[in-house]
Structure formats: C-alpha cells, structure tokens
Amino acid sequence: MKRILVALAAVALVAGCASTPDTQEPAAVEDRAPGAVKPGPATEPIKPQVIPSAPITDPSKDPRLKDPASPLSKRSVYFDFDSDAIKPEFVPLVEAHAAFLRQYPNAKMLIQGNADERGSREYNLGLGQRRADALKSRLVLLGAKEAQIESVSLGEEKPVCTDPTEECYAKNRRGDMLYAGEF
Amino acid sequence: MNRTLRAALACLLVVAAGASQAQLTIEITGGGGNQIPIAIAPFQGESQLQSRISDVVEADLARSGRFRTLYTGPQNLNEASTIDLAQWRARNADALVVGGVYPASGGRYDVRFRLYDVPKQQTLGGLAFTITPQQSRATAHRIADFIYEKLTGDKGVFSTRIAYVVKAGPRFQLQIADADGANAQTAITSNEPIISPTWAPDGNRLAYVSFESKKPVVYVHDLATGQRQAVANFRGSNSAPAWAPDGRRLAVVLSRDGGSQLFVMGADGSDARRLTTSSAIDTEPHFSPDGQWIYFTSDRGGAPQIYRIAAGGGPVQRVTFDGGYSATPRVSPDGRTLAFIQRAGGRFQVAVMDLASRQVQTLTDGPRDESPSFAPNGKMILYATEVGGRGVLAATSSDGRVRQRLSIPAADVREPAWGPAPAN
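These protein sequence lines are chains A and B, in that order. Quick note on our numbering: the first sequence kicks off at 1 and runs consecutively. Quick note on our numbering: the second sequence kicks off at 1001 and runs consecutively.
Just so you know, these hints were derived from the structure itself, not from any lab. Keep in mind that a hint or two might mislead.
To be verified - Computed list of lysine to any residue pairs in SDA-like fashion (alpha-carbon distance at most 25 Å, straight line): (1) B/K1167 to A/R118; (2) B/K1150 to B/G1259; (3) A/K158 to B/G1346; (4) B/K1167 to A/E146; (5) B/K1155 to B/R1112; (6) A/K74 to A/E146; (7) A/K171 to A/T57; (8) A/K145 to A/F81; (9) A/K171 to B/Y1325; (10) A/K158 to B/D1055; (11) B/K1214 to A/P88; (12) A/K158 to B/R1112; (13) A/K145 to A/P48; (14) A/K158 to B/Y1325; (15) A/K108 to B/R1347.
Predicted model only: the values in this text are computed from it and were never measured.
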C-alpha cells in the first residue's frame, strides 16, 4: 500500500513537473507543431499530413540530445583568450539549442562558464560568467525564454585539462549548455 | 525536486571537527637585516609537557624574520634565577628568556617566564599562566607574542589562526590551523570546489564560496557550532565575500542582474543592495579597515586593475595603473598599504602600494602567486604560490625580506586567509 502511494506520488510529481511550465506559457507566438497547415492559395492542392502518435513533451526524452549525429548532442562552446565572443563555428550549435528551448518551453538550461587557470580565481569567475552570459543572450535573442536559462560560472575551478599548456587552457575556456539532469 | 537535490548534496558534505592528519610544515628562507639576537633558555621542567615551550617560542620568533635565535646549550635557569647578564652579553645576546614549568593541582601546570634586556641589564617583565597540558602550545604562542611586542613594538600574531583550502584528489577541505601550521582542523569537506574563505572580524565565522550546488553560492560558517547558512544564493553566480569591519555587512559579487557586480548586504543575507553599475567585471571587494572604502578589481578600463568606491556608493576612483593586470586588493590593517597581485612579464606576483605616495614594490617572484592576506599586525603577508606544480602557502614579511613556505605533502594548498587577532 505504502509502495503504491509512493509510486502514485512520484507519478504526480513527474506529471506536475512536466505540465506546470506549459500552463505558464499559454500563448505561443508561433505554432510550429507538426501538422499545422498554413492557408495557401485556393488553387494549390492540400498536402495530407500525418500527426505523430504521441508528441514528446519531456525534453530530456528527446533522442536528439544523445544522438551523435545531432548538433544537440554537443554541449560545449570554446572561447578565445580573454574573450566572450561566440566564434562562427559554434553558431549552428547555439542555434540548434535555441530551437530546442523554443520547442520545449518547459526545458530548463544551466550554462556553466569556465576560464583557464591564469590569474585571480575570482576574476576568472567573472570571465566565466561573461561567457555564460554571452551564450544566454544569444539563446534568448534566438527565441529561448529568459526564464528557461540560468547562466553561472565555475571560473577556473573545474578544469577539464590541467597541464599548463595553451592547448589545455583553450579546452578550459568554455561554456557548457546543460539541461536538467545533466549537471 | 530542489529540496531532494539539496538533501542529496548535503549528504556529500561532511562537517568534521576532528584534527586532520595532514600537517602544514614550514620552511623559512631569506633573512632580514637588523634581526634581534635572542637567547631562549630551556624552561626548567618543560619536558613534563607534550610540547617544549622554549622550542615553540623559538620557532615563532625565528619565523617572524625579526629575530636571530642563539643556541643556549643546556641551562639550569628559571624566572627566579639570578642571571649573570654580562655572560649573555659576551654571547652577543640582546635579549634573554628564562622560565619554568611547575606541577599545579588538578593535573595543571604553572608556567612562568621572564624577559631580560641584556645590554641595558634590566628585566622587561614576564607573565604567569596556569594551564592544562593541552594548552602548552597556545601558552608558548602567548609568550612569543609578549616577547615580540616588548622587543619590536608591534603586536605579535603567534596566537592567530589561518584558514585555507586543501585539495587532495577530488576532495576539497576548508581547514583552520594555528598561524604556525599546527593543530589543523577541517571545517568542511566537499566534492566540489571551495574558494575565497574570509574571516569575520570576530574570528568565529568564515564566509566562503562553495560550488556544492553546481554553481557558486556564498556561505557563512560558524566555526564553533559548525552551522552554515547560504547567505547569497541568487539566480546566477554568487561570490567574493568580504566582511565590513563591523562584522554585520558583507560585500559580495552577484550576477543576478547580468555581469559580475558588487553588492552590499547584511551578513545574514538580507537586503542586498547593488553598489557598482558597470558593464565590466567588478569583483574581489575588500573593505578598508575604517569601513569607508571598498577596494575592488575591475576590467572597466580594458584589463583588470584596482579601483575603489565609497562603501555607501559614489564615484569610482582608479587606484592602480601599472602593468596589464592587477587584482585581489587587500588593505593593510593600518590602512596605509595595499597588497595586490600584479602580472609582470607573464608572472603573477605579490606587490604592495604605499597608498599615500602610490609607490609600488614587488615582494615575491611568482610565477603563480595568488590571494594575499595580511597578518593582523600588518607585518607579514600570507599568499598562495606554486612549487613543482603543487599549491603551497607562503608568507613574506611586508618588506619582502623574509619568506616562509607552508606545505602539506601530496596535497594542493590554496586560498589562504589570515585570521584576526584573538580578543583578549
């Protein structure tokens, strides 16, 4: 009995988590759901569309997040020394995540900015924040909701590479775009 | 969800009060001029105690760089002995310390000593303590404080404590030790980084930044009770805590409005009020000892330099101009000197600026010196450095002449903060 109650509560919790953001965003500006038909000229024949059986509402279940062929499977954007400019090669990646956040208004993202180890730890925290903020601004510019994204900094504290080489520093000058459950 | 996560994270944190096995060891390099030659005779009966008082006093005074300790050989002297000062004069001692340890009731001991000015052939006084055997080191530090103040005119700092972060493998520990590295205790252990510990003026609390919730959050930690409180946990990053001299307010850096900006709030986290308004990184706030100014690092001029703003807000004044990188401002307890980190030729070094003349002097060699912290008497600066790819703590006299290193084998030591003078 107790176990059933717990299970029920867990189901309610999951349902609650998934549904709450939907009710907060009742008025979608654009309808991009598959199956939407734009009114065309009367002479044009209407293409029959197939509505998918069960649309995915839980963003973490979207297979593209783990599909190596999808840009959505990538999380990291690398920056030049002392820079928060998003380099052209990372723009498609940022655009893909912006589209994902638009598609799932209930998706939440944590952006962790990082810096290389040279200099003051707190100033490096500021540099990482600037990178995380730059990514967040770009995502919002591309249609993600501000409330979906928290930008924070890990400064130089969580290096992925610890050798004192330029190659290593470049790997640590990084912003990671993480979805709930990934951090 | 949030609550569950927090509970899970709390499980990862072990609040320990026990002494740590990892002991800081100290190595002194260099030597100052004008060192006072001092003879510290073995205290009569001191072998009854775990720590020989005369050894601890001698090590304290030598570490300060302001004394040269003379070998006395075996002596049979105490504070009541009649001293042949001419004999000590012949051994080139300017000062002599004699004392004794005597069993008292209830397993306690009486410790008494006397300090002599040898050239003037007179006593400079002494003190008497009744102690438990566990208090022998603390008592020795108080004796060293007395001698240091009598002979140099400056307050001793041998009874103070330091805080620092040890990284051993994947674990981070915030530790507290005596100023000589002894009695290291762990205040908190975490699997995520801890940075920027800073002592409240009362010496009972520390503020620091912990990444245990996958982002920087500022905590205030009561050392006696082990209780801690997240005082700045806003959306975004929360970092760089600095205590106001009254101990009631904290300056912090928040990114909640975008960017990294200075805020002032109650030490309990109440009433956060924005202090700077720039599109730059404003960080590392530090109050002047009179509480009037907040010094900070900002890259509003293109590269990080040091600025200051009135603690209540107002126009920002630039303080450092030299070099392409100046950071981590720390004002000396007398308010006259600013210690900071300066990059010169690719090396990060501790420098000091005389705030009246704006003259800058480099004190250390780098290449990776960080986090300078003044002793409460302003005579030493503790900082983090790197030796052989490993983090160690170092201290330099504020004129740069004497240096010492404190290291823990097989661990990275970093983020030192020298605690305030104990209230008497």
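To test your reading of the hints: which numbers does this structure violate? Of the numbered hints given earlier, those the structure breaks are 2, 4, 7, 8, 10, 11, 12, 13 and 15, listed in rising order.
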